[in-house]
Amino acid sequence: MGHNSGGAGAPDVGGIAADRLKSFVERIERLEEEKKGLQEDVKEVYAEAKGTGFDTKIIRQIIRLRKMDKADRQEQEALLDLYKEALGMVE
1 MGHNSGGAGA PDVGGIAADR LKSFVERIER LEEEKKGLQE DVKEVYAEAK
51 GTGFDTKIIR QIIRLRKMDK ADRQEQEALL DLYKEALGMV E
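Residues in the sequence shown are numbered consecutively from 1, following the UniProt record's numbering.
To be clear, the hints were calculated from the coordinates, so they are not data collected in a lab. Quick caveat: nothing in here was measured; it's all calculated off a predicted structure. Heads up, some of the hints might be wrong.
Simulated crosslink set (DSS-like; lysine-lysine; CA at most 30 Å straight-line) [stated by the list, open to error]:
| # | residue 1 | residue 2 |
| --- | --- | --- |
| 1 | K57 | K84 |
| 2 | K50 | K22 |
| 3 | K43 | K57 |
| 4 | K35 | K57 |
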């Protein structure tokens, strides 16, 4: 087998630098574990908010809206109002 041209002389396996591949896989695995931990933290915050009387469905909707560009959010809200009016949902 040849050697990786990356300079460290890591062996190639089927044309793949095994050490480099292993490094990428391990980094991704660590990040996935961190993500899992963060998801659990977010879940706990939602549970805490719900426990104090907040509606978590609305909080999730607000978070989605806050991630949006202002113009996109305004366009979506205008379309929602238009659809509600067309369906007779506006009082």
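Status of each hint after checking the structure:
1. K57 - K84: 20 Å, holds
2. K50 - K22: Violated, at roughly 42 Å.
3. K43 - K57: Status holds; Cα separation ~13 Å.
4. K35 - K57: This hinted pair holds, its Cα atoms lying about 22 Å apart.
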